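Enquirer: Each chain, letter by letter, is given below.
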Amino acid sequence: MADSPPLISIADLSKVYDTFLAVDRLTFEVHAGQVLGLVGPNGAGKTTTLRCITGLIPPTNGKVSLAGFSLATQAIQAKQRLAFFPDEPRLFEHLTVWQHLNFIARLYQVPDFEPRATALLSDLALSDQRESLPRQLSRGMKQKLVLACGLLHRPTCVVFDEPLTGLDPGGIRSMKVVIRQLAAEGAAIVLSSHLLSLLEEVCSHVLILKGGRKIAYGTLDEVRTQFSAAEGASLEDVFFQATGGETAKP
Amino acid sequence: MNAALRYLFRATLKNGAVGQLRRLREPRYAIGAGFVLFYFWANAGLRGPRAPDSLVQSLESTAIQSCAVLLVTLGFATYAWVIRDEEPGLRFTESEIAFLFPAPLDRSELLRFHLAKTQLRLLVSSLAVTLISLRFMHGAAHTVGRVIGTWLVFSAFSFHSLGAGFTRQWLTLRGIGPLVHKSVYGLLVIAAVAVSAHQADFDWAHLGTKAELAEAALALTHAPPVGWVVGPVVAGMNASSWRDAAPLFGLLVLINLALVFWVTATIGRFEDATLRRAQQTAIKESSRRVGAREKKRPSPSPFSLKSVGSGTTAFVWSGLISSGRWARPATLLGLPLLVALGALALRNNPEELGEVLSLAGLLFAAFLALTGPLFARGGVPRMFDQLELVKTLPVSGRSVILGEMLPTIGLLVWAQWSLCLPTFFSQANGMAVSNAALVLSVMVFGPPITAFLTLVPFGIGLYFPAWVRPTGDGPRGFEAIGQRLLFRVVFLGLLLAALVPALALGLAVGGLARGLAASWSGSVVLASIFASAVVVGEVVLALRWLGGRYERFDFSKELAA
Chain B
1 MADSPPLISI
11 ADLSKVYDTF
21 LAVDRLTFEV
31 HAGQVLGLVG
41 PNGAGKTTTL
51 RCITGLIPPT
61 NGKVSLAGFS
71 LATQAIQAKQ
81 RLAFFPDEPR
91 LFEHLTVWQH
101 LNFIARLYQV
111 PDFEPRATAL
121 LSDLALSDQR
131 ESLPRQLSRG
141 MKQKLVLACG
151 LLHRPTCVVF
161 DEPLTGLDPG
171 GIRSMKVVIR
181 QLAAEGAAIV
191 LSSHLLSLLE
201 EVCSHVLILK
211 GGRKIAYGTL
221 DEVRTQFSAA
231 EGASLEDVFF
241 QATGGETAKP
Chain R
1 MNAALRYLFR
11 ATLKNGAVGQ
21 LRRLREPRYA
31 IGAGFVLFYF
41 WANAGLRGPR
51 APDSLVQSLE
61 STAIQSCAVL
71 LVTLGFATYA
81 WVIRDEEPGL
91 RFTESEIAFL
101 FPAPLDRSEL
111 LRFHLAKTQL
121 RLLVSSLAVT
131 LISLRFMHGA
141 AHTVGRVIGT
151 WLVFSAFSFH
161 SLGAGFTRQW
171 LTLRGIGPLV
181 HKSVYGLLVI
191 AAVAVSAHQA
201 DFDWAHLGTK
211 AELAEAALAL
221 THAPPVGWVV
231 GPVVAGMNAS
241 SWRDAAPLFG
251 LLVLINLALV
261 FWVTATIGRF
271 EDATLRRAQQ
281 TAIKESSRRV
291 GAREKKRPSP
301 SPFSLKSVGS
311 GTTAFVWSGL
321 ISSGRWARPA
331 TLLGLPLLVA
341 LGALALRNNP
351 EELGEVLSLA
361 GLLFAAFLAL
371 TGPLFARGGV
381 PRMFDQLELV
391 KTLPVSGRSV
401 ILGEMLPTIG
411 LLVWAQWSLC
421 LPTFFSQANG
431 MAVSNAALVL
441 SVMVFGPPIT
451 AFLTLVPFGI
461 GLYFPAWVRP
471 TGDGPRGFEA
481 IGQRLLFRVV
491 FLGLLLAALV
501 PALALGLAVG
511 GLARGLAASW
521 SGSVVLASIF
531 ASAVVVGEVV
541 LALRWLGGRY
551 ERFDFSKELA
561 A
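Protein chains in written order, with the working numbering: chain B, 1 to 250; chain R, 1 to 561.
There's no promise every hint is true.
Distance windows between CB atoms, simulated [stated by the list, open to error]:
| hint | chain 1 | residue 1 | chain 2 | residue 2 | range |
| --- | --- | --- | --- | --- | --- |
| 1 | R | R91 | B | G170 | 34 to 44 Å |
| 2 | R | T331 | B | D123 | 34 to 44 Å |
| 3 | B | D123 | R | I176 | 51 to 61 Å |
| 4 | B | R139 | R | A4 | 28 to 38 Å |
| 5 | R | A4 | B | T165 | 31 to 41 Å |
| 6 | B | S127 | R | R112 | 53 to 63 Å |
| 7 | R | R544 | B | Q181 | 36 to 46 Å |
Simulated from the structure, these hints should not be mistaken for laboratory data. None of these values were measured; they are calculated from a predicted model. In this text, a Cβ means the ideal position worked out from N, Cα and C, and glycines have one as well.
Isolated chain B, as found in the complex (with noise of 0.2 Å):
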């Protein structure tokens, strides 16, 4: 699928906050069933890039493009294939979950969303919770309807932050299912996370952030080869390597 344009383009992209660099000119692409992992310490600038991928923050320099369509140009037509996940779920305290996915169709334009927003929730184990307010729900289950609500609209491109926070077992797995058939359905996915198991169990591919500055982009292969790793070593052991960091001894 990387013949195809790509679905997530992001070029040049540099974010400033007052002398501080926080990315500086970051260039990749994510093709349509591609997952790519978004690594580096500590601000490295990776919510940065989310943040501007998302249409959360405005770029200093550089473009970003969802499916085509420019974020600074053609704003509404690149998010309405946009869903983003943030690390803490976040949503509407005075609707509840119904009302939340009424309001999201709406804004994203779905025609008859009552049969999918019904599967969803049944899917999610959400449909007992359709009457409760956010404060009524656990956090599992805020980020189930945060799922609910960014799935409702069958986006091509999905961005994750920590998307494992605060999940119990089942959730986790069920988080992991979700990111595969999504890729697998042709969605373009950009994941960040500190979790490098995570990362390798579902990433095709890897880009790993040092002080806003790309240090490796590629598939993990590429990346193990850039870095001279052994054949069969960990995205963790590429990671140390990558950015120099050192792990506690025993």
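Add chain R to chain B, keeping to what the hints say.
Expert: For chain R alone, kept in the frame of chain B given last:
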């Protein structure tokens, strides 16, 4: 205080001050700070000594001052003994509880740390209150003296509140219930006032003129035991020199020491109470952070939201749900029904009460159009609460702002029009046609003005987000006070800016129509229609401008300031 706690205290203080100073590099904060300094310089006596005539204090003003002190003191005491129903406890932050409570620290060290923090907060509040209130004060006491006096009084209130809370808890644990505390407190207050009235050097039979009322108030508030509370405070406020004030401050220090002794004697196991209270506060804060109101049950959808159509409608739908009972059919229909029934009942009133009330309704409707948006700003904090969620949605900034504004505008306009109803019933009873034209003009001109003014807080929020930050951890300090003062000035300035072209065109058109032999009533209505059109145009332009600003809004920079 323990060395570690002293370090924490100093570091917190220093970092807070440095943070506030650094913030002044942002022009808007610098402007806010400059504005508040100018305000204090111009209005609050920082220019130097007051004019001699302001030193003359009338009998009435002294009486008002004494009564105000009595009422404020009574208010605080009544709140502490009767109204307050939360568990007593010292206020610690979540981090302090997490780090300090498990630490090997003596209970009294924690108490001293808390007292130091509270006293510093009270000192800053005293400084602000003194500067703001200097303009309305009499006497020539030095500003620093007033700050110290106010600080001592605030401290006394604070210690009293703690002591009362712990005493009530102590009594409750010993089987003496709240009803008994409240009753005893009520009886004590009544007895104190009765004894003071008896002791007062005043003939209560002669209570008619303003001067006699003032004399009575002075006599009552200066006779013991009420005088023991009011006297030192009033005397401190009016002391003309340090020498006069010193004994009073000494007395206040003694009162504070007695209160500290009372607090420490009744505090019991304050960690438990403090922890419970901190947990309650944490839950409330966390709800507030995510924009949750005290809502127990979900609100029904105000209308069926189709899944295809304008995004603005979705925000209106969501805003109406968030408005809760204010947007329910029972409330929406109940208000005009109630007003109409009242107007009908009074239409044949011989004393013309009906007409007076209808005029009052009309005036209130106009007042609501002008001031309602200043108070009904729910959409603004909601917009900022949900910024991280909404900014990723495929909807334009203009649609978001319009959708957040419309519920507020709709509810305010509905209330305005409902209040205009009585005038129509008066009209049916023979009111002049010109009055009906006036009502119609208010009904036509009110909504655009309401819309424009509802937009102002959104604009201020987008350009000066720190001014409307929904969470309680927003900026504090003098520049924040300045920003709030500026907010009011900007609001009024923009109102004038919107009104000038609208009224100019309205008056021109109305005058022209009148010149061309139209009736007075017709000219007024025509003028209001044209003036409204101008304001609607202003709203459309402002909305377009702010929509663009919303889309470019970089909250990572703006809200970090």
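Enquirer: So which of those numbered hints doesn't the model satisfy?
Expert: none
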